[in-house]
Structures are given as structure tokens and as C-alpha cells.
Amino acid sequence: MHLAPQLMHIPDGFLSIVISILCWAITAGILAIAVSRTNKSLGERQAPLMGVMAAFIFAAQMINFPVAGGTSGHLLGGALAAITLGPWAGMLVMTAVIAVQGLLLQDGGLLAMGANILNMGLMTSVVGYGLYRSALGKSQSTKLTMAGVAAWLSVMTGALTTSLQLWLSGTARLDVVVPAMLGVHAVIGFGEALITVAALTFIFRTRPDLLGESSESARGSRGWIVAGVLIALAVVLLSPLASTDPDGLNRVATDLGFINNAQSGSGPLAGYTVPFLTNASLAKIAAGIIGASVVLILAFISGRFLQKRSRTENPNSTVRNRQSQIADRKS
Amino acid sequence: MHSDAFDRYHHGHSAVHNLDPRVKVLVTIAYIVSNALLPDGAWIAFVLAYAFLLIANLLSGLGLGFTLRRSFVALPFALIAITVLFSIPGDPIAEFKFLMWNFVVTDAGFLRFVSIVIRSWLSVQMAILLVSATEFPKIIHALNHLRVPTIITVIISFLYRYLFVLADEVMRMLRARQARSAATAGIRSGGSLIWRAQIAGHMAGQLFLRSYERSDRIYNAMLSRGYKGELMTIHPHHFHKSDLMIGAFSILLFLFLQIAGRL
Numbered sequence: 001m002h003l004a005p006q007l008m009h010i011p012d013g014f015l016s017i018v019i020s021i022l023c024w025a026i027t028a029g030i031l032a033i034a035v036s037r038t039n040k041s042l043g044e045r046q047a048p049l050m051g052v053m054a055a056f057i058f059a060a061q062m063i064n065f066p067v068a069g070g071t072s073g074h075l076l077g078g079a080l081a082a083i084t085l086g087p088w089a090g091m092l093v094m095t096a097v098i099a100v101q102g103l104l105l106q107d108g109g110l111l112a113m114g115a116n117i118l119n120m121g122l123m124t125s126v127v128g129y130g131l132y133r134s135a136l137g138k139s140q141s142t143k144l145t146m147a148g149v150a151a152w153l154s155v156m157t158g159a160l161t162t163s164l165q166l167w168l169s170g171t172a173r174l175d176v177v178v179p180a181m182l183g184v185h186a187v188i189g190f191g192e193a194l195i196t197v198a199a200l201t202f203i204f205r206t207r208p209d210l211l212g213e214s215s216e217s218a219r220g221s222r223g224w225i226v227a228g229v230l231i232a233l234a235v236v237l238l239s240p241l242a243s244t245d246p247d248g249l250n251r252v253a254t255d256l257g258f259i260n261n262a263q264s265g266s267g268p269l270a271g272y273t274v275p276f277l278t279n280a281s282l283a284k285i286a287a288g289i290i291g292a293s294v295v296l297i298l299a300f301i302s303g304r305f306l307q308k309r310s311r312t313e314n315p316n317s318t319v320r321n322r323q324s325q326i327a328d329r330k331s
Numbered sequence: 001m002h003s004d005a006f007d008r009y010h011h012g013h014s015a016v017h018n019l020d021p022r023v024k025v026l027v028t029i030a031y032i033v034s035n036a037l038l039p040d041g042a043w044i045a046f047v048l049a050y051a052f053l054l055i056a057n058l059l060s061g062l063g064l065g066f067t068l069r070r071s072f073v074a075l076p077f078a079l080i081a082i083t084v085l086f087s088i089p090g091d092p093i094a095e096f097k098f099l100m101w102n103f104v105v106t107d108a109g110f111l112r113f114v115s116i117v118i119r120s121w122l123s124v125q126m127a128i129l130l131v132s133a134t135e136f137p138k139i140i141h142a143l144n145h146l147r148v149p150t151i152i153t154v155i156i157s158f159l160y161r162y163l164f165v166l167a168d169e170v171m172r173m174l175r176a177r178q179a180r181s182a183a184t185a186g187i188r189s190g191g192s193l194i195w196r197a198q199i200a201g202h203m204a205g206q207l208f209l210r211s212y213e214r215s216d217r218i219y220n221a222m223l224s225r226g227y228k229g230e231l232m233t234i235h236p237h238h239f240h241k242s243d244l245m246i247g248a249f250s251i252l253l254f255l256f257l258q259i260a261g262r263l
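Residue numbers (my numbering), protein chains in the order written: chain D, 1 to 331; chain S, 1 to 263.
If you are wondering where the hints come from, they were derived from the structure by calculation, not from laboratory data. Do not rely on the hints blindly, as some may be mistaken.
[What the hints assert, rightly or not] The calculated BS3-like cross-link candidates involving lysine-lysine, where the alpha carbons are at most 30 Å apart (straight line), are:
hint : chain 1 : residue 1 : chain 2 : residue 2
1    : S       : LYS241    : S       : LYS138
2    : S       : LYS228    : S       : LYS138
3    : D       : LYS138    : D       : LYS40
4    : S       : LYS138    : D       : LYS40
5    : D       : LYS40     : S       : LYS228
[Stated by the list, open to error] Here are some chain D residues the structure puts well away from chain S; computed CB gaps all over 10 Å:
hint : residue
6    : ALA25
7    : GLY29
8    : ARG45
9    : MET50
10   : SER134
11   : LEU136
12   : VAL149
13   : GLY183
14   : ALA186
15   : GLY212
16   : ALA218
17   : VAL226
18   : LEU230
19   : ILE231
20   : LEU233
21   : LEU237
[Unchecked claim] Pair ranges (Cβ atoms, derived):
hint : chain 1 : residue 1 : chain 2 : residue 2 : range
22   : D       : THR142    : S       : ARG69     : 45 to 53 Å
23   : D       : GLU44     : S       : ILE234    : 16 to 24 Å
24   : D       : ALA28     : S       : ARG262    : 23 to 31 Å
25   : S       : SER192    : D       : ALA186    : 34 to 42 Å
26   : D       : ALA28     : S       : HIS240    : 29 to 37 Å
By construction, the Cβ of each residue, glycine as well, lies at the ideal position given by its N, Cα and C atoms.
The task is simple: from the sequences and hints, build the whole structure.
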């Protein structure tokens, strides 16, 4: 038996249609930005690089190590991909991995793929890269420690968002699913952290240029630190709240219109009992998409703003561009 | 040892195999969406949806029970949904004690649990049929036609192309590790847990570098053959009238399912 993060691959049927579409909307929005960003930074070279690196993540998930009693741990790879390739490229790589796992191996559903990409690809990249980026310019051991923390928290973030989606879909009880998922993934995340740190140690030793100050992995803007730390904080604060005081979260979900019967302490039957052609359900889907777009636009604008600031703060950026041009000419 | 174990395609010339990949992808997605929209306990609609699946199975020439046999991958996930058995208010139908807790299964909870498992189980079978009767590159090509950004489909094609190469590489590395891990019966060996995880991590790092350098070589080779940033195909999709008919018929059927599920 593999101690795999398989519990994060949500199959079809476990998420309500509203949550599935909402997650797809958020995922598609973030991926659209990622596509335009990597297009700018990598150009036509991006296809072979990211394609082979996606195959690398897929294959690296096969490397396991025996834990105890016949179980084994292995890599999820979101944090490692974002740290080594940069956050946007890491997102695209993880998206391809999750898409192939869902399409080819039925490891995760198609309608639920938006949620799966969000949990295992996008969240892990933001948290993994954001925390690692905060240690940039520090000593190597600080970087490695931070990478370990980032890897662990990235798995926990994915586990928490998975639990929340299941709860909002009315598939699981909040006060059961959150402690169960986080408990299992605290152990899985530990393995993830160990492997990520060891892999980075190896790369630092053999190809330090790939993780150096002018590499793709150091190019992300400061905004990533803010996003990563904020999400990590939310995970740390929300997890105990969800397991000990589910009523509070239920009330929030009721106010937001996700849950109809807060008293039962369970998820919504909404979206299932209402025929899908009625106005209420359509309005809910539309509201969800509008809400997601507003959040996206805000995130995008603040990202632009932060990037501009970090560019003006950083006099080395022109030197960096020269270096990358030279590197491009060489290849 | 070759790891072509990932490929699910079964060669054939059936009606399902010959259907336009775009239609197949769209019908599969519509089927899954339709399942998700069906209300709990829509037994007639569930049975009709399964009948559609069985007919598709039959038409694909893969055998009536083909997808059923491979459909158990999603079942472990049902564990997650087990809490709905106890959490939805309704008339109690069963009660049992476990440690200090007293669990009461309600009829509404049971209905919901069974419905979730059925939905998931139908959906996964349709997805299995899609990849079993369609070559994977054709699915990717279809996704491209369905407005998935080119860069994502190109990354997926590369992933699919080099997945087997790198999986072989991993298997070689795993075999090398095994060959160097001598153990005597009865004596504990293999170092601490952290040490073992480190070895796995070093292997991942090694694989990363090999992949990174390989991608460089591939890019140079592609440039030398005139690569301009997109992949070309010599298998254009031909859309026939019959494809349109089958697609439209399936979608109409799913609409009918929605009505049948709400009667």
C-alpha cells in the first residue's frame, strides 16, 4: 500500500456542480495568467522544458521510500516544481501532471479536475514558492529549512482546501473531514518535506546555478511572499477552527449562500434538490463565477502593483536580463 | 522493463473508436455533468445512465463489463463520504456503537451516500471508456480544438511523450537502489526513516537534473528541425455528419435523463 496523497485526487461525483464549476472558474483564471506569464519569460522554449519537467514530476512520484509496516511515502511535487522552475511554470507543470492523471489513469475526475488542479497544483505552488521566496538571499541552510516548511505547508494547504470543497459540496462533515484529512497529510507532508529538501540539497550541490540568484526560481516578485504567507496563515488559523468550532464556519457558509441547513452541521443539499434550470441555482453559479472573477482581478492588480515595486527596488534586474539574453543565445 | 503500463488504449475499429475525438470528449463531459446534476435517489435516471454506458461499452467492442472491471479505482474515496451517513437529519435506520461514539445511520444520509457513490462510479466508467477507445494524442488534439490553451495541450503531449522515458529511468534507479541495499535476514537494515527519505530525495534531485538537461537537448534538436513554438499534426480531424448525429442524440438523452430524474 502506498501512503499516497491519493485522498487529494477527488473523483467525479463527490463535488456538487456549483463547487466544481466555481473551482474550475478560479483554476482557469489563474492558469490564464500563468500561460501569459510563462510565455513572456520562457518563450518558445517553454514547451519542451515544462513538458519534460511535468514528466519528471510524474516519474518522481514513483520514487518511494519504505516508511513502516509495508507503507511507503512518496512525493507530490507541487512545492518542488514551483521552487525549481518558478511559480507560474510550476503551476503549468502541475496542471499537466494532474490532467494526465485524471484523463489517462482516472486518478481524479474530469468535472472535479478544476478543484484537483486548484488543490494540488495552484495552492501548493503559491504556498511552496511564496515561503521559499521569503528566504531568498539568506544562507543555504535557511533556504533549505524554509523549503521543508514550505513543502509541508503546501501539502496541508491542499488537504484543507480539499476538505473544505467536500464539506461545501455536502459530501463530508466538516468536524470529521478536516481533522482526518489534515491528520493523514501531516504525515504525508513530512515525507514530502524530507524528499523536497533532499532533492534541493542535491541540486544545490551539483547545479547551484539552477537555484542561484539569477535563476528562474529567484525571479518571482515579492507578491508571492505575501500570497504564500497569507494562505499559510489562513491554513494554520482555519484548521483548528474547522475541527473545534464547525458551527462558526457553517454560519459563514450559510451567509455566503452555500449551505441551507446550518443546524444539521452538514453540507448543503442545495444545487441537488433544486432543478438546475431554476433561477436560484443558476443565480448561485453566476454569483460564484462573478465572485471568483472579482477575487482574481484583485489578486492580479495587487500582483502587478507589487511586481512594479519590486522591479524599481531591484537595480540588478537589468543585469539579470542581460544574463538571460546571453543564456538564450547560447542555447 | 518498460513502463507502458500507463497506456489505457485498446486498439480497435468499432463505432466508438471511429467517432470524432471531439464528440467523444464532449459527450463524456456532458455525461459526467449530467450525473452531477441528478438529484439524490433518482434511481430511474441512474439506471438509464448505466444503460447508456453499457450500450457504449457494447458498441466499443471492448465487452459489456469492460469498464466495470476497471472502475474500482475511485471506490477508496467513498470513505470520505461515509460521514454523510450520520450527519444528515432523518429517520434512523441503523445504530451501532464504536468506541465511545454512538453512530445513527439515517435514511436521508444513506440515500445521499449511495447516490454519491453511484454518481462517481458511473462517471469514472465513462472516463475509462473514453481513454480505452481513443488514442491519448487524439484526446489532446481534441482538447486543443475545444479551446484549451495550446501551451497546456503541448505540455501535456510532451508529458505523455517523455513519461515513458522518465518512468523507465526511475525504474532503473529503483533497481539500482535495490541492488545496493543488501540485507541479512533477522537484522534490521536500511538506516533510519530520515536517511531513507533522504536517499529518495537525492534520487528525485538526480532525476530532476537528468530531465532538465534532457529538455535542453530536446529543445536544441527541435530547433534544428525547424520548431517554431507549436506542434503540427498530419492527422487532421474530419467531422462527419454521423458524429454530429451521435453527439446531438447523446446530449438529448442526457436532457431526458434530467427530466426522468426529477419525476
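Is LEU230 of chain D truly not at the interface, in the sense that its beta carbon sits beyond 10 Å from all beta carbons of chain S? 27 Å, holds
Far enough from chain S: is every CB of that chain over 10 Å from the CB of LEU136 of chain D? About 20 Å separates LEU136 of chain D from the closest Cβ of chain S, which puts it past 10 Å; holds.
Evaluate the condition: distance from the CB of MET50 of chain D to the nearest CB of chain S exceeds 10 Å. 5 Å, violated
Check the following: the C-beta atoms of ALA28 of chain D and HIS240 of chain S are separated by a distance inside 29 to 37 Å. 30 Å, holds
Assertion that ALA25 of chain D lies farther than 10 Å from chain S (Cβ): 15 Å, holds
Okay, ALA28 of chain D versus ARG262 of chain S on CB: inside 23 to 31 Å? Since the Cβ atoms of ALA28 of chain D and ARG262 of chain S sit about 30 Å apart, the hinted range of 23 to 31 Å holds.
Non-interface label on ILE231 of chain D, tested against every C-beta of chain S at 10 Å: 23 Å, holds
Does the Cβ-Cβ separation between SER192 of chain S and ALA186 of chain D fall within 34 to 42 Å? Check failed, 19 Å falls outside 34 to 42 Å.
ALA218 of chain D non-interfacial with respect to chain S [C-beta, more than 10 Å]: The assertion about ALA218 of chain D holds, with a minimum of 16 Å to chain S.
Would the non-interface assignment of VAL226 of chain D survive a Cβ cutoff of 10 Å against chain S? 27 Å, holds
Can you confirm whether the C-alpha distance between LYS241 of chain S and LYS138 of chain S stays at or below 30 Å? Judged against 30 Å, a Cα distance of about 19 Å means the pair holds.
Can the suggested window of 16 to 24 Å be confirmed for the beta-carbon pair GLU44 of chain D and ILE234 of chain S? 21 Å, holds
Figure legend: structure checked against the earlier numbered hints; hints not met, in rising order: 8, 9, 25.
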